[in-house]
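> Below, each chain spelled out in residue letters.
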Amino acid sequence: MKYLFTVGLGAAAGLSARWYMLRRDYRQYPSYPQGWAIHLFLGFIGGLIGAIIPPAFLEGDFSAISFLLLAATQFREVRNMERNTLTAMEATEMVGRGSGYIEGIARVFEARNYLAIWVALAVATVSEVVDPHRPLQVISGIVVAMILSWLLNHLMQGHVIGDIADIELVDIEFDGPVLVAGGVHLMNVGLPEARQTWLQKGLAVRIRPKGPNWKATLGNIGQMQAIAHDTSSMLGIYMDVGEQEFVPIVRRERESGSLIMIIIPSERDGKALVEAVSRVPVLEGAVRKPLQSAAGKMLD
Amino acid sequence: MAEKQILAIVTKNREKVGGTGPIFFADSDEELVHTATLLARVLAAAVHDLDNGSVVIVRH
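Chains as they are written, first to last, in the working numbering: chain A, 1 to 300; chain B, 1 to 60.
These aren't lab readings, by the way, just hints derived from the structure by calculation.
Because the structure is a prediction, the values reported are computed rather than measured.
Among the hints, erroneous ones may be present.
Stated by the list, open to error - Cβ-to-Cβ under 8 Å is the rule here; a few derived chain B residues that face chain A:
no., residue
1, Ala36
2, Thr37
3, Ala44
4, Ala46
5, Val55
Built from N, CA and C at the ideal position, the CB exists for glycine as well.
Please build the complete structure, drawing on both the sequences and the hints.
Here it is in structure tokens:
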């Protein structure tokens, strides 16, 4: 089979690209090793689809191409799969991710498979162009795969909260039973003991958006929940099951659109909290650009 | 936002409360806090102070 080398090279490139885009960080998602096995296999299938397209074109087999394109659309299922898994796991999280974050994660996983297909397609195309020079096929394939993987991954990287907002610590105080931080009423804490715990161990930050566009983005409830979830998973949290008075809370300051978050981390370290909040990803689905509308510009 | 529900009321002030929910009466602040804490632990709910001698146990 004269195209075997090209197909193998393209599929390997797709798999490597998918592997490169899998990241193991504090989120531990996709979980290791089963989650990885799933996504690497899907990446391999995607790579194979991408790699077969150029040979099919060269053979003029357009029915094969149609089938391959049909197969590529099956990757929509990846998004459903991720959404179902994460939604099912939501009840087991002390601080939930929220549906906004879940949608964001599901979308990323679907998109990465398409990126793997692009890389495989490009590598297979280049390989066919320089065919039958084997060493050149391998070298050019590797170069194209590396450049394209890096480029696509780079382009897909979104903002983090630290890019779009200034974060500063604020004090927690009580107005009667109401917990107030940065001038915002956050919650009613009924038990004197719980109030003491908040005062001694709690921390509060103000997340001040760097402009009207980011103000609208931070106002998204999914984004607010994502900040609470990610910060808790980075810093750990001081609460037991059912202790709702110690759940981290994010609220919005009406006047400025800043967010105030209160949390009792495992250890009281303000610097670590600011760092954690600044690393929380900005959800793609939360981004709003009111300044790109005529009405929004009039208000600014 | 999840549905919130008042599961119980604990009060020192009989005149200020009423209705069909479970109401627990306390004679002192200490008893009020103690009863509310126990109820909150059993019900896995939060205690909120109404600042009039009553607290409500709310599930969020």
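> Hint by hint, say whether it matches the structure.
Against the structure, the hints come out as follows:
{"no.": "1", "hint": "Ala36", "result": "6 Å, holds"}
{"no.": "2", "hint": "Thr37", "result": "6 Å, holds"}
{"no.": "3", "hint": "Ala44", "result": "3 Å, holds"}
{"no.": "4", "hint": "Ala46", "result": "4 Å, holds"}
{"no.": "5", "hint": "Val55", "result": "5 Å, holds"}
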